[in-house]
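J.: In the order they appear, the protein sequences are chains A and B.
Residues 1 to 308 (my numbering) make up the first sequence, in order.
Residues 1 to 308 (my numbering) make up the second sequence, in order.
Keep in mind that a hint or two might mislead.
Stated by the list, open to error - Only pairs whose alpha carbons sit at most 27 Å apart, straight line, appear in this in silico DSS-like list of lysine-lysine: (1) Lys-34/A to Lys-11/A; (2) Lys-34/B to Lys-294/A; (3) Lys-34/B to Lys-34/A; (4) Lys-34/A to Lys-294/B; (5) Lys-34/B to Lys-303/A; (6) Lys-11/A to Lys-294/B; (7) Lys-294/A to Lys-11/B; (8) Lys-303/B to Lys-303/A; (9) Lys-34/B to Lys-11/B.
Don't read these hints as lab results, they were simulated from the structure.
Note that the coordinates shown come from a computational prediction; the quantities given were computed from them, not determined experimentally.
Number of protein chains: 2
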Amino acid sequence: MGIAADLLDGKIGAGARAITWLDDGDPRGAEVIKRIFPHTGRAHVIGITGPPGAGKSTLTDIIVAELRAREQRVGVVAIDPSSPFTGGAILGDRVRMARHTLDPGVFIRSIGTRGSAGGLSRSTHDACLVLDAMGFDAVIVETVGVGQDEIDVVNLAHTTIIVGVPGLGDEVQAVKAGILEAGEIFVVNKADREGYPATQRQFELMLHLREQSRPDETWRPPLLRAVANAGEGAVEIVDAIAAHRAHLDESGGFAQRSGLREREQVLALLRERLAREAIAHAGDSILAEVEARKLDPYSAIEKLTGQG
Amino acid sequence: MGIAADLLDGKIGAGARAITWLDDGDPRGAEVIKRIFPHTGRAHVIGITGPPGAGKSTLTDIIVAELRAREQRVGVVAIDPSSPFTGGAILGDRVRMARHTLDPGVFIRSIGTRGSAGGLSRSTHDACLVLDAMGFDAVIVETVGVGQDEIDVVNLAHTTIIVGVPGLGDEVQAVKAGILEAGEIFVVNKADREGYPATQRQFELMLHLREQSRPDETWRPPLLRAVANAGEGAVEIVDAIAAHRAHLDESGGFAQRSGLREREQVLALLRERLAREAIAHAGDSILAEVEARKLDPYSAIEKLTGQG
Numbered sequence: 001m002g003i004a005a006d007l008l009d010g011k012i013g014a015g016a017r018a019i020t021w022l023d024d025g026d027p028r029g030a031e032v033i034k035r036i037f038p039h040t041g042r043a044h045v046i047g048i049t050g051p052p053g054a055g056k057s058t059l060t061d062i063i064v065a066e067l068r069a070r071e072q073r074v075g076v077v078a079i080d081p082s083s084p085f086t087g088g089a090i091l092g093d094r095v096r097m098a099r100h101t102l103d104p105g106v107f108i109r110s111i112g113t114r115g116s117a118g119g120l121s122r123s124t125h126d127a128c129l130v131l132d133a134m135g136f137d138a139v140i141v142e143t144v145g146v147g148q149d150e151i152d153v154v155n156l157a158h159t160t161i162i163v164g165v166p167g168l169g170d171e172v173q174a175v176k177a178g179i180l181e182a183g184e185i186f187v188v189n190k191a192d193r194e195g196y197p198a199t200q201r202q203f204e205l206m207l208h209l210r211e212q213s214r215p216d217e218t219w220r221p222p223l224l225r226a227v228a229n230a231g232e233g234a235v236e237i238v239d240a241i242a243a244h245r246a247h248l249d250e251s252g253g254f255a256q257r258s259g260l261r262e263r264e265q266v267l268a269l270l271r272e273r274l275a276r277e278a279i280a281h282a283g284d285s286i287l288a289e290v291e292a293r294k295l296d297p298y299s300a301i302e303k304l305t306g307q308g
Numbered sequence: 001m002g003i004a005a006d007l008l009d010g011k012i013g014a015g016a017r018a019i020t021w022l023d024d025g026d027p028r029g030a031e032v033i034k035r036i037f038p039h040t041g042r043a044h045v046i047g048i049t050g051p052p053g054a055g056k057s058t059l060t061d062i063i064v065a066e067l068r069a070r071e072q073r074v075g076v077v078a079i080d081p082s083s084p085f086t087g088g089a090i091l092g093d094r095v096r097m098a099r100h101t102l103d104p105g106v107f108i109r110s111i112g113t114r115g116s117a118g119g120l121s122r123s124t125h126d127a128c129l130v131l132d133a134m135g136f137d138a139v140i141v142e143t144v145g146v147g148q149d150e151i152d153v154v155n156l157a158h159t160t161i162i163v164g165v166p167g168l169g170d171e172v173q174a175v176k177a178g179i180l181e182a183g184e185i186f187v188v189n190k191a192d193r194e195g196y197p198a199t200q201r202q203f204e205l206m207l208h209l210r211e212q213s214r215p216d217e218t219w220r221p222p223l224l225r226a227v228a229n230a231g232e233g234a235v236e237i238v239d240a241i242a243a244h245r246a247h248l249d250e251s252g253g254f255a256q257r258s259g260l261r262e263r264e265q266v267l268a269l270l271r272e273r274l275a276r277e278a279i280a281h282a283g284d285s286i287l288a289e290v291e292a293r294k295l296d297p298y299s300a301i302e303k304l305t306g307q308g
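Extracted from the complex, chain A is given alone in its bound form (with noise of 0.2 Å):
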């Protein structure tokens, strides 16, 4: 299989076509895993969350710009939502990435979260594979907003980034601190804004919160500032996803990670498979019943199940 080789050359073309399979569920994209897996668990795997308007791309812009000063190859993977008629606005976004674009060591790859049902999750880690087989040292995954999809995203990650912004209300806080758990470093961005000490100490106070729930471990998330697009922050940033790097491959975390990303994986495919197989088998007359309230869906999934 050609395209596996070239692959792991570091063919670009061959990297890209392999990511487009896997996202539409073309069994060549499969074939390809397959074959590249066993060249695979090498790559950094760094997650950047946050809410909207956090400023998380040219967060990412100045990170990636840091890591290449470090000579990194750097894979990003954006998550994008998915509309016909607003892919122009998002990409417009990436425009501030562009600088990259004409860097070998740099390559940018966008998911969309059509499909869903864990779909997101498996696309993501899927193109992470891929950029890991070509030999990139850091795959940084973005995501937008924050939900139980970015925090299933984030999860999959080796270092988890999560981004505040100063002047959001209660409400931002509240929902970032539901993903405050997977997070290993925290930036508050354009912390040149009115507002910044204030979010600076709920931070702080979360933070604190976070150690007094948990004794026993080891890694002490820092609490970092950025203003992005004056370039500021990034060093730091940089510094501390090399440390947490080195506390992962110290206590033995690197290889634990990657390990249950590849368990969490295989349910992942498992419900996508199986479900489809159920249906395909004997679904359709019990689904129409469903449709038409007929039938309750507990009821269903017995019949379905053979359990009824």
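Got chain A; can you put chain B on it based on the hints?
T.: For chain B alone, kept in the frame of chain A given last:
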């Protein structure tokens, strides 16, 4: 089964217990659904979504008050992100709804996002069925944030309200645009804020694009303004909800959406159930191999589903 009868009598305690069982995957929950299902299909399910900070809770509060003024009984399913130490912050946000807690015509229930993998949609839909059976005329599903989860959840509604707010950046508008397809009513909240005209124009443009891309659509989504914390806008929103309900009744869309929701529920249940069973039967050693990265996920799936 006394609890099903109590629930159909509208007893709050019975409803709360059934929802807890369903959340926990307790088999008694499924038994309750089977019994009450023939008595459901009447409640108007209304989804409310939008970015963090858009004031969705306050807006929900004034919509509930207006529906009550029109003598409708209202259930609210509030989706809260789950975090062991921030539950309080979120609940605090619900304090605004406190004025309704002594009103027997209102029942508010929070659903956690823990569990994931389609579990949020499933739990939310189960809760809607329970509130429907209890005789609530309207069931409002209020989400946090904007992500695929939110899209899944609002896709379950008969009528979806998308809430925007002035002064958020382009990224937020883009995120909002991702769920624009799902909405039937658009509200710009906090319309007394600076930046309202620009946000209003953005929404108008997006709605115009949507109309052009769907020439056959018979419902034209209204764009409304609200200042929820001053109580402004509720009358117009509830009028629009009623107008959309009338449109659904005329077009047959009400029953159709209810049916599709049940269908989605079956697929979600099926994915959960089958994956659990496949792992229970044959999965442990295979999963261990995957976790040790000795086996790739796609080969693991072939072994688990007997297609190796």
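J.: Now look at each hint and say whether the structure bears it out.
T.: Comparing the hints with the structure gives:
Taken as a hint, the Lys-34/A and Lys-11/A pair is honoured in the structure, with Cα atoms around 18 Å apart against an allowance of 27 Å. Between Lys-34/B and Lys-294/A, the direct Cα distance comes to roughly 11 Å. Compliance with the 27 Å bound is thereby established for this hinted pair. Of the supplied pair hints, the one linking Lys-34/B and Lys-34/A is violated, its CA atoms being roughly 43 Å apart against a limit of 27 Å. Our distance criterion of 27 Å between C-alpha atoms is met by Lys-34/A and Lys-294/B, whose separation comes to about 11 Å.
Taken as a hint, the Lys-34/B and Lys-303/A pair is honoured in the structure, with Cα atoms around 13 Å apart against an allowance of 27 Å. Taking the CA atoms of Lys-11/A and Lys-294/B, the gap is near 25 Å; set against the 27 Å cutoff, the hint holds. With a C-alpha separation of about 25 Å, the suggested pair Lys-294/A and Lys-11/B falls inside the 27 Å cut-off, and the hint holds. For the proposed pair Lys-303/B and Lys-303/A, the alpha carbon gap of about 25 Å is at most 27 Å, so the pair holds.
Only pairs whose Cα atoms come within 27 Å are accepted, and Lys-34/B paired with Lys-11/B is accepted, the gap being roughly 18 Å.
Of the numbered hints given earlier, the model fails hint 3 alone.
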